[in-house]
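Each residue of the sequence shown is one higher than the last, beginning at 1 in the working numbering.
Quick caveat, the hints were computed from the structure, so don't treat them as lab data.
Treat the hints with caution; some may be incorrect.
Stated by the list, open to error - Listed below are the simulated EDC-like cross-link pairs for lysine to aspartate or glutamate, each with C-alpha atoms no more than 20 angstroms apart in a straight line: (1) K12 x D40; (2) K28 x E56; (3) K28 x E10.
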Amino acid sequence: MPRPYGDPVEIKTEPIPAQSPFIPTDAKIVVGAVAPASPDPIPIVLLPGFEYRMREWRHPHTGEIHWRLERRKSAQQTESDD
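Between the sequences and the hints, there should be enough to build the whole structure, so can you do that?
Next comes the structure, spelled out in structure tokens:
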């Protein structure tokens, strides 16, 4: 049975400040996670023993695209799991 992803967090993105022929003009850079307790995006910390994925989410009323970071326990056993 697949392990479910949980603990979703909204990701704050901004336009990339530098121009490059290798980066599309509509590309975004991740600046952190959104949190009600902080006016600024909080840095994202990736913990060992978890798998992460980013998922696009469109606001149902505005149509604005947001990103969510989801995590789940890793399917691979680590040394600390013994």
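Checklist entry - Are there hints from earlier that the structure breaks, and if so, what are their numbers? => result none
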